[in-house]
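Novice: Sequence:
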Amino acid sequence: VEVVSGGCPVDAVDPRVTLRVTLTNTAPADAGATLPDYITGGGWFVDMPKGDILTLAQVYAPPGFELQRMTFDGAPEGPGSSEFAFERSLATWNPRLAPGQSSVLELEYLAIDHAGAEVAWQQTPTFQHTGTNPAGRLC
Numbered sequence: 001v002e003v004v005s006g007g008c009p010v011d012a013v014d015p016r017v018t019l020r021v022t023l024t025n026t027a028p029a030d031a032g033a034t035l036p037d038y039i040t041g042g043g044w045f046v047d048m049p050k051g052d053i054l055t056l057a058q059v060y061a062p063p064g065f066e067l068q069r070m071t072f073d074g075a076p077e078g079p080g081s082s083e084f085a086f087e088r089s090l091a092t093w094n095p096r097l098a099p100g101q102s103s104v105l106e107l108e109y110l111a112i113d114h115a116g117a118e119v120a121w122q123q124t125p126t127f128q129h130t131g132t133n134p135a136g137r138l139c
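Going by this note's numbering, the sequence shown opens with residue 1, and the numbers climb by one from there.
Just to be clear, a hint being listed does not mean it is correct.
Okay, the calculated beta carbon distance ranges per label pair [unchecked claim]:
(1) I112 with S81: 17 to 27 Å
(2) T18 with P63: 12 to 22 Å
(3) A33 with E87: 17 to 27 Å
(4) Q101 with P76: 35 to 45 Å
(5) A33 with W121: 31 to 41 Å
(6) G78 with P36: 28 to 38 Å
(7) F84 with T34: 35 to 45 Å
(8) A120 with W44: 36 to 46 Å
(9) A98 with P63: 31 to 41 Å
Hints are computed from structural coordinates only; laboratory data are not their basis. Using N, Cα and C, we set each Cβ at its ideal position, and we do this for glycine too.
Kindly generate the complete structure, drawing on both the sequences and the hints.
Specialist: Shown next, in the form of structure tokens:
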């Protein structure tokens, strides 16, 4: 997860923030043949080959951040959707990845009334990382 830009309009009132989320299947190329079924799923779920993963990721923006653009591996359409939940913009993404494959979700937000705000992201729960990561200041 990374904040890749925080563009400021001429009036610097409502800056834009672009967030990039990259998911990678780090299973070995021969995962379907070498890993046990309790790890790979055995190909039993949604017609997936052993070793592939189907992940559900959700990105909740802070209140006042409006989703302007959402791309999946650079394309405007893909395995995901956006909605408004819990008074926040919510992007849902569910890529299917073969071993070694990566996918990138990019979200551009309009940060209404947040000029000068500190930008940080949280990633929970995961195996390798939790916590808040400062990413700079808007405008």
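Novice: Confirm or reject each hint.
Specialist: Here is how each hint holds up against the structure:
1. I112 with S81: 17 to 27 Å: Given range 17 to 27 Å: holds, Cβ gap about 22 Å.
2. T18 with P63: 12 to 22 Å: 19 Å, holds
3. A33 with E87: 17 to 27 Å: 47 Å, violated
4. Q101 with P76: 35 to 45 Å: Distance hint for Q101, P76 is violated at roughly 20 Å.
5. A33 with W121: 31 to 41 Å: Because 37 Å falls inside the window, the suggested range holds.
6. G78 with P36: 28 to 38 Å: 31 Å, holds
7. F84 with T34: 35 to 45 Å: 44 Å, holds
8. A120 with W44: 36 to 46 Å: The hint (36 to 46 Å, Cβ to Cβ) holds, given that A120 and W44 are roughly 39 Å apart.
9. A98 with P63: 31 to 41 Å: 37 Å, holds
Of the numbered hints stated above, those contradicted by the structure are hints 3, 4, listed in ascending order.
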